[in-house]
Amino acid sequence: MFAPLQHHTHVSLRGSRVVRRRDFLKASAAGGLAASALSWTDVLAARADELRDRGMACILLWMSGGPSQFETFSPKPGHANGGETKAIDTSVAGIQIADNLPHMAKVANELAIIRSMTSKEGNHQRATYLLHHGYLPMASVKHPTLGANVADQIGNAASELPSFVQIGGRLPNSGGGGFLGVDYDPLIIQSATKPPQNTTPSAEANRFARRMRLLESMQGDFAAMGGAQVVADQQKVAKRATDMIHSPKMEVFDIEREPAAVREAYGSGEFAAGCLMARRLVEQGVTFVEVHSRGWDTHQDNFNSVRNLCGNVDQPGARLIADLKERGMLDRTLVIWMGEFGRTPQINPRGGRDHFPKAFNVALAGGGVRGGQVIGATSDSGTEVTDRPVTIPDLFRSVYHTLGIDPEYENMSGGGRPIKIVDGGEVVEELFS
Amino acid sequence: MQRFRSTLVAILAGTLAVATVAHAGPRQESPAVAKQVDASLAAELFASQTEVAPQCDDATFLRRVWLDVVGDIPAPEHVIAFSLDPSPDKRERLVRELLADPQYGVNWARYWRDVIFYRRIEDRALIASNALEADLSQQLNENVPWDKIAAGFITATGDVRDNGSTAIIMAQEGRTEETTAEVARIFLGVQIQCAQCHDHPYDRWKRGQFHELAAFFPRIGVRPVRTPTSRSFQVVASDRQLRIAKNDDGNRPTPEHFMPDLEDPSAKGTQMQPKFFLTSAKLDVGTPDAKRREMLSKYLTRNEWFAVAAVNRMWSELVGAGFYEPVDDVGPDRTARAPKTMEILSQGFRDSDYDVKWLIETIAATDAYQRQSRPRETEADHIPFAANVPQPLRADQLYNALLSALDLPETTPNRPGRGGAGGGFRQQQRDPRTQFNLTFGFDPSEPRETISGSIPQSLAMMNSAQVAGGLRANRGVLSGLLEEINDNDEMFTELYLRTLSRQPTEDELARAGAYLDEVGNRKQAIEDLAWVLVNSAEFRHRR
Numbered sequence: 000m001f002a003p004l005q006h007h008t009h010v011s012l013r014g015s016r017v018v019r020r021r022d023f024l025k026a027s028a029a030g031g032l033a034a035s036a037l038s039w040t041d042v043l044a045a046r047a048d049e050l051r052d053r054g055m056a057c058i059l060l061w062m063s064g065g066p067s068q069f070e071t072f073s074p075k076p077g078h079a080n081g082g083e084t085k086a087i088d089t090s091v092a093g094i095q096i097a098d099n100l101p102h103m104a105k106v107a108n109e110l111a112i113i114r115s116m117t118s119k120e121g122n123h124q125r126a127t128y129l130l131h132h133g134y135l136p137m138a139s140v141k142h143p144t145l146g147a148n149v150a151d152q153i154g155n156a157a158s159e160l161p162s163f164v165q166i167g168g169r170l171p172n173s174g175g176g177g178f179l180g181v182d183y184d185p186l187i188i189q190s191a192t193k194p195p196q197n198t199t200p201s202a203e204a205n206r207f208a209r210r211m212r213l214l215e216s217m218q219g220d221f222a223a224m225g226g227a228q229v230v231a232d233q234q235k236v237a238k239r240a241t242d243m244i245h246s247p248k249m250e251v252f253d254i255e256r257e258p259a260a261v262r263e264a265y266g267s268g269e270f271a272a273g274c275l276m277a278r279r280l281v282e283q284g285v286t287f288v289e290v291h292s293r294g295w296d297t298h299q300d301n302f303n304s305v306r307n308l309c310g311n312v313d314q315p316g317a318r319l320i321a322d323l324k325e326r327g328m329l330d331r332t333l334v335i336w337m338g339e340f341g342r343t344p345q346i347n348p349r350g351g352r353d354h355f356p357k358a359f360n361v362a363l364a365g366g367g368v369r370g371g372q373v374i375g376a377t378s379d380s381g382t383e384v385t386d387r388p389v390t391i392p393d394l395f396r397s398v399y400h401t402l403g404i405d406p407e408y409e410n411m412s413g414g415g416r417p418i419k420i421v422d423g424g425e426v427v428e429e430l431f432s
Numbered sequence: 000m001q002r003f004r005s006t007l008v009a010i011l012a013g014t015l016a017v018a019t020v021a022h023a024g025p026r027q028e029s030p031a032v033a034k035q036v037d038a039s040l041a042a043e044l045f046a047s048q049t050e051v052a053p054q055c056d057d058a059t060f061l062r063r064v065w066l067d068v069v070g071d072i073p074a075p076e077h078v079i080a081f082s083l084d085p086s087p088d089k090r091e092r093l094v095r096e097l098l099a100d101p102q103y104g105v106n107w108a109r110y111w112r113d114v115i116f117y118r119r120i121e122d123r124a125l126i127a128s129n130a131l132e133a134d135l136s137q138q139l140n141e142n143v144p145w146d147k148i149a150a151g152f153i154t155a156t157g158d159v160r161d162n163g164s165t166a167i168i169m170a171q172e173g174r175t176e177e178t179t180a181e182v183a184r185i186f187l188g189v190q191i192q193c194a195q196c197h198d199h200p201y202d203r204w205k206r207g208q209f210h211e212l213a214a215f216f217p218r219i220g221v222r223p224v225r226t227p228t229s230r231s232f233q234v235v236a237s238d239r240q241l242r243i244a245k246n247d248d249g250n251r252p253t254p255e256h257f258m259p260d261l262e263d264p265s266a267k268g269t270q271m272q273p274k275f276f277l278t279s280a281k282l283d284v285g286t287p288d289a290k291r292r293e294m295l296s297k298y299l300t301r302n303e304w305f306a307v308a309a310v311n312r313m314w315s316e317l318v319g320a321g322f323y324e325p326v327d328d329v330g331p332d333r334t335a336r337a338p339k340t341m342e343i344l345s346q347g348f349r350d351s352d353y354d355v356k357w358l359i360e361t362i363a364a365t366d367a368y369q370r371q372s373r374p375r376e377t378e379a380d381h382i383p384f385a386a387n388v389p390q391p392l393r394a395d396q397l398y399n400a401l402l403s404a405l406d407l408p409e410t411t412p413n414r415p416g417r418g419g420a421g422g423g424f425r426q427q428q429r430d431p432r433t434q435f436n437l438t439f440g441f442d443p444s445e446p447r448e449t450i451s452g453s454i455p456q457s458l459a460m461m462n463s464a465q466v467a468g469g470l471r472a473n474r475g476v477l478s479g480l481l482e483e484i485n486d487n488d489e490m491f492t493e494l495y496l497r498t499l500s501r502q503p504t505e506d507e508l509a510r511a512g513a514y515l516d517e518v519g520n521r522k523q524a525i526e527d528l529a530w531v532l533v534n535s536a537e538f539r540h541r542r
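Protein chains in written order, with numbering that gives the first Met the number 0: chain A, 0 to 432; chain B, 0 to 542.
Since the hints were derived computationally from the structure, they do not count as laboratory data. You may find that some hints are simply not true.
[Said to hold, decoys possible] In silico DSS-like cross-links for lysine-lysine, where the CA-CA straight-line distance does not exceed 30 Å: (1) K419(A) x K267(B); (2) K357(A) x K267(B); (3) K205(B) x K419(A); (4) K205(B) x K235(A).
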């Protein structure tokens, strides 16, 4: 447990511009650079710039509708509330997950499973907002979503590709750039099996270039009549858009370019295609990718439904983690598997489970998170968190820390009001220890 | 008896408060007020006439006023006819004609739809947007006075797909405090919500005053309506203590509003008496919902800031900058640029009994509106209103301009979107206009200089099937034009008239001609030129 802490401290003190927080400076001076004098958060803050330079990335696998914890990472086979779902062994001795996730079981050594997530928000819309922003929705502040903050903080603005991509269509309440502006809205891909919207140039390359030259030469009149700045801005955006669609990196959106064996390893279906595209995007320097799986709102026929849904996401998700590992990318890529809340321990008369934010689960892998562990626990009946509750701000703070982003950083909202990236909460230290 | 007397006192107090605020004088004529406005601006702001931009030409005026009033661009015939019309009053006449066009109501209803729904708490509120658009279009076209429209929003109940006036409450999920904040922001231009949690840092409002205002709205709520054929929501009001306790959501009716105890959030807090912060008009605790909201709508619409808020927004949209900025931040603690001018217009608007068409007609008749555009100035020391400003088109204006320029029909699957089957939320979201708005829309209350173009917008204009497909030489508008018009300059002129509503300059004709020679293929060159015009910054702005 002590070794990685020392390692981080060592790295952060060697770096030339690692220090961003005043309390870190104070701690260093007082403690005479002794690692033991540094608090945990100081070390994380010091890591930030180093991680930024390493090209950290994040892939969010979003289970829209609220995935059942009992049928995924928190089975309760010994209790009536567990229903018919069985628990299976994983690659880590002592950790069992639901039999719906045999592929995930094989990569459990990379997974940190938090079984003690807890929130009060049981409404899809508000919970989707909460689990994307770390904040509840407000009329007066348009918070940037997780992906937008990450793109703003550590995205590569010079890249021809956007920093934030959402695969699987627009998801209500999942947010966008908010007060950071449209530059931080996600590029939305309807389906990973097709090229993104409007990226096929409307004319072949020479003609397109010719058109762009004509466009540039024809804007003089408006520029002279009060539109100079507007014309300059528009030319800039048009150029970025043009550069993107003509970039060789656009191939990244074509998963057909992967060898057949690689594609097969991810399995079939939209979500599998999305996971494969996410890996390709991160490989090409995209900072945040969100892949949507829909239909987890299993108010009826929960057991069959979740079995099928897991069938769509289990192999692709597990393969994504293994693939990142094999390519040496897992250390700098945080993978998050989650939805907006969990489901009731009680099985309702229609064989379904209803909304349950009080105790649910989230799985993390990569990005420096220590795999092969379970954090927190619920009672045998699954109704209560009995150990180590983790709140939504705790989770968000941990995610930003992992990515080298200071959660205390204050953005200015449109109304000139400073808004922290995360308000409250504490880093879940076990994730890294 | 005791109870009766206290209610009577409250009503009397309310009436007194109503009576003490700005009273309306006789209606003033638009041209006369426009003249006063210009004279007052000159006196307040301009040291000499040389600072102000000259009057814009007819073609610029025509496109500007079409976009501003009806949200669309004129056809080439309109441009030619207007330019050739020798009558001296043609600009005033044009404004009146456009105000009489049903598209006027549609255009401004969409503006207010964006004002309201960009501040929605949840996306599901959008289910109410079609009804809002339909109902408000009709009210604006019938020229229902602005105070009546505001009262409609404040007092609304019913199915959100049947009654568009429920939009503000639906967008705020029927939450007491959020609805309060939005009503104050939209109709008074006062940002009192900052006082929700603490005394306002820059204003006189105290936390208690926000919660006294909120006490007009505790008895409202929003609840889902599910029938076998439709899913909707209903804005409800109740004067009975509901058996279900108000949960954290805060969107069920409760009899009274309580200001939370900041020291102890789990405590019930302090019960608040409904009291209007600008005049101290108040009602008794226990007053029924209908009375609360009706009286609030009276206090609010008879207050001086009600006219100022509307005038400031309209002036800002039309002239390009507000007397106060941002447009929804006015009030006694803000200083207007040109305060006397602002008051002349506001008084005129009150005297017209809140006639919105009068307001637009008056602003459009000012020299300030009719000046050429200059870049939006951001330095603090620049002189405001010395020129108009190039305004980025709102998504609906741009969509209309594209349809008009390319002769494309508007596909209208289930546009009305009223209750019953069809026109559901998902279907509504698939509507091409809605899709376009998702890419190009912005919150019209945000300062316009913060609105920047995005890559998806550029991509849609450059490559989308709708735009690129509408620009093929072998079909649609270009195929007809290529067949009819043989002369190249005439062809270029036609394209300019269609897209930018003006004739090309000599320089532009020369460039277009040179381009055609370079390409050596007439059809291709014309396709390219049309593509360039539609993708120009000028097309996406009104100058």
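Taking the earlier hints as the rules, which of them does this structure contradict?
Hint 4 contradicted; others consistent.
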